[in-house]
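**Student:** Sequence:
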Amino acid sequence: MKKLKINYLFIGILALLLAVALWPSIPWFGKADNRIAAIQARGELRVSTIHTPLTYNEINGKPFGLDYELAKQFADYLG
Numbered sequence: 229m230k231k232l233k234i235n236y237l238f239i240g241i242l243a244l245l246l247a248v249a250l251w252p253s254i255p256w257f258g259k260a261d262n263r264i265a266a267i268q269a270r271g272e273l274r275v276s277t278i279h280t281p282l283t284y285n286e287i288n289g290k291p292f293g294l295d296y297e298l299a300k301q302f303a304d305y306l307g
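Residue numbers (our numbering): 229 to 307.
No false leads were slipped in.
Here are the computed distance ranges between Cβ atoms for each label pair: (1) I287 to R263: 28 to 34 Å; (2) Y236 to E286: 51 to 57 Å; (3) N235 to F292: 51 to 57 Å; (4) P291 to A269: 22 to 28 Å; (5) S276 to L250: 26 to 32 Å; (6) L246 to G289: 51 to 57 Å; (7) L244 to F292: 40 to 46 Å.
Since the hints were made in silico from the structure, they are not lab data.
All residues carry an ideal CB built from backbone N, CA and C; glycine is no exception.
With the sequences and hints as input, model every part of the structure.
**Tutor:** Written as structure tokens, this is what we have:
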């Protein structure tokens, strides 16, 4: 039983070390500034939502809902 716990501990530590070692090689690592700059240069923020009454809806062509408000405020924040 004790050997089994040691094996699981060893595998866990090995997996953690592997994840830490490979973290910088992840394609999206450290590129958030480039994405924000690209959005600002494009002048358009593309957002997808799930169409439910609580998240996004339109009445008489006027959008409203939580997702819409969050996206609008984020777009205003970005300029």
